[in-house]
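As given, the protein sequences belong to chains A and B, one line each in that order. Residue numbering for the first sequence follows our numbering, starting at -6 and increasing by one per position. Residue numbering for the second sequence follows our numbering, starting at 194 and increasing by one per position.
Keep in mind the hints are simulated off the structure, nothing from the lab. A couple of the hints might just be wrong.
Mimicking DMTMM-like on lysine to aspartate or glutamate, the simulated pairs with C-alpha atoms at most 25 Å apart in a straight line are [claimed, not checked]:
1) A/K366 <-> B/D525
2) B/K264 <-> A/E307
3) B/K580 <-> B/D240
4) A/K366 <-> B/D561
5) B/K547 <-> B/D229
6) B/K547 <-> A/D327
7) A/K366 <-> B/D333
8) A/K268 <-> B/E281
9) A/K366 <-> B/D569
10) B/K264 <-> A/E213
11) B/K248 <-> B/D274
12) A/K366 <-> B/D414
13) B/K565 <-> A/D332
14) A/K268 <-> B/D274
15) B/K253 <-> B/D561
Each chain is listed here by its residues.
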Amino acid sequence: MAANVAGRPDHAAAGSSAEATAYPFHGEHQAGIVTPVQDRLHFAAFDVRTSSREELQELLRAWTDAAARMTQGEAAGPVGPTEGDTRLPPDDTGEAIGLGPSGLTLTFGFGPGLFADAEGKDRFGLADRRPRALRPLPHFPADALEAARSGGDLCVQACADDPQVAVHAVRNLARIGFGAASVRWSQLGFGRTSRTTRSQETPRNLFGFKDGTANVAAEEGQALRDHVWIAPGDDPRAEWLAGGSYLCVRRINMRVEIWDAQPLGDQEGFIGRTKRTGAPLSGGDEFSAPDFAMPGRDGPVIPADSHVAVVHPEHNGDVRMLRRGYNFVDGSTDLGALDAGLFFLAYVRDPDTHFIPVQERMSRQDAMMEYLKFTGSALFAVPPGVRPGEYVGQRLFA
Amino acid sequence: MARRPLPARLLAPVLLVAVPTLAACTQNADPSDSGDPRALSVNSSADACELSATKAPAGKLSFTVANTGDKVTEFYLLAEDGLRILGEIENVGPGVDRTLTVSVPEGSYVTACKPGMTGDGIRGDFTVTASDEQAEVSADEQALVAAADANYRSYVQDQTDQLVARTDEFAQLYKAGKDDEARELYPRARLHWERIETVAEAFGELDPIMDAREADLSEGDEFTGWHRIEKDLWPQRAEDYTPMTPDERAAMVDQLVEKTHELDELVDDPATTYPLDKIANGSRGLLEEVATGKVTGEEEYWSHTDLWDFQGNVDGARVAFEGVRPVLEQKDPELAGELETRFGELQELLDQHKVGEDGFVLYTELNDEQVKALSDAVNALLNPLSKLTAAVLS
């Protein structure tokens, strides 16, 4: 077997096209943002343990190498899961043998803790390059955040059409990082809840409604430049971040048992859309623009406190997000309720204008909030794409 | 408290059940194709109101109204006089369809589509013929509805009166620094609030001032009301807590007293009425409060007196159920029986945690198994309770 196909030797022969789908790792922007949303997610946040700048760079280099291989369906390490010295543990854990790339993308982000610790101390000589908007998100009404599900110095978003491929990637990156970084928390997701290309169907969240209809799509070049990608000059202190984005992360528990006791008409009133087609209550089809002024019997036909009215760009200074969240069910709580909800992931050019005000409005005014509980929260700066020979975020250290 | 006040539209009067069509396997299925003569379709366009049939056998009729116009439309089923409304469906947006379900006895009727929601609408005659499923017309239903309104109104007023009295008393103790006595009275005064919580929340601005929990606030919001005082009386869980000064105490509790009196005036206002759906939705709403805040011990974070609130919500939900029960007994006696049983089971569990005449153990004294049992009983009740409104209006 040739060295360059080490690792997952069967994937070329593997059946479906979904399994054979591979997205380039290198590019102007990191993959996993405008990439058509895959079905499965494993998201991990890490604490950096080392205090050495060199070790941190070494970690990013090692992660980059492994990511470049795994996203192409190869093994995490250069040797492979079964090919190496039998006296050594393999450099790939093996559970993805034969599964193909399955559309795997790995997207890396940097948390506020990388630039200053809790006491404000500069850990790695990066403080003067901290992106302006990179700081812990503020407390929003109804936040019930768990420290063990929030924050992180580094993050990896692994998306794939096969859950085992996504888990394999995170597991191997964590293994490679041992010593330099430790997993702070991680989250599995399924049933993508948004679409990032127009050809994808808008999926449904666990309330049973279509979600993310107004999402920025990959085809919308100007909207991506306006709302998603950080442009050169946006943040003079953090020019290294140009071509990147900010990732807003929120773990939103849904009180599904209570929701399920709501009459259909009320559910549609909370969302502002019909459940069957996703059309706004002002009519048309899913993609019709909502008419918030259209009169109904008691106020607008789309209630002013409905989700669509509260978060729509029209009521938020025309800001848009690129959402690529996932449903999650982490078993059940002690009380037998599903520990379930939406793992919200949104890429924006500036959280101060594109996320925080919208979340604040939603937390205060959205009728849906009665059925939500925010249990996790994090903000990351996502560096631009990696050029061949570079490691992810290299320009930060230059 | 509710994380936010319940939307006003949940409490606004509506006359009949308006349920959007269930997601069907086929889109835009024409209900008249089903062969069921009681399933009718209505095409409401800008200038026409076309029914799939103008005749149907008596019983439970469903009208699936599709709006093919470009304005919000409404559909009405009116008595022969063209005035009395038997059923209506509002807020049907362009391109949207909604289903009206209504029980109709034999007779002559008038249908009307009202594109743009103005004028008399586009009217047509409609005939209901005799059938085996002749809908029951209860001569005294009107009287039952009026009685429910009056009874519930006096219950709410009575609870508010007691809340005012106990809040006044509480304020005196708290201001005088009689903290032990204030702590004794705290859950007993709040019991009356919890019994009518959904009504109080309907008066928009009061709830956030009187009953907000600290975790529900934004940075910069002022923390006031019952739970602010709770924290001052039970500061054990608070980090680096600075007790309120006597002046701060007085200002805080005087505001609470003032708002409680405001609430009292609002519920005494003759314009405040309680149609069946408002009472029934209130019953469900109170139990949802239990499910989201009380059974999890989140409501009384500082004092752990959650079980008093729990009891208050259950009392209120039960009174509301009993209020509409005479109507429910006519429409769906089986549901009435199930609710009776489920309320009984839940109360029996709560009784196990009673201490003395009117007290409860603290939430922190419950073990996991006991909390789970309470939660299960709440869910068992919530499920049939979610059908109450539709049942009494059918």
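Hints versus structure:
no.: 1; hint: A/K366 <-> B/D525; verdict: violated, 35 Å
no.: 2; hint: B/K264 <-> A/E307; verdict: holds, 21 Å
no.: 3; hint: B/K580 <-> B/D240; verdict: violated, 36 Å
no.: 4; hint: A/K366 <-> B/D561; verdict: holds, 21 Å
no.: 5; hint: B/K547 <-> B/D229; verdict: violated, 54 Å
no.: 6; hint: B/K547 <-> A/D327; verdict: holds, 23 Å
no.: 7; hint: A/K366 <-> B/D333; verdict: violated, 45 Å
no.: 8; hint: A/K268 <-> B/E281; verdict: holds, 21 Å
no.: 9; hint: A/K366 <-> B/D569; verdict: holds, 20 Å
no.: 10; hint: B/K264 <-> A/E213; verdict: violated, 31 Å
no.: 11; hint: B/K248 <-> B/D274; verdict: holds, 18 Å
no.: 12; hint: A/K366 <-> B/D414; verdict: holds, 19 Å
no.: 13; hint: B/K565 <-> A/D332; verdict: holds, 15 Å
no.: 14; hint: A/K268 <-> B/D274; verdict: violated, 36 Å
no.: 15; hint: B/K253 <-> B/D561; verdict: violated, 46 Å
Checked against the numbered hints above, the structure breaks hints 1, 3, 5, 7, 10, 14, 15 and satisfies the rest.
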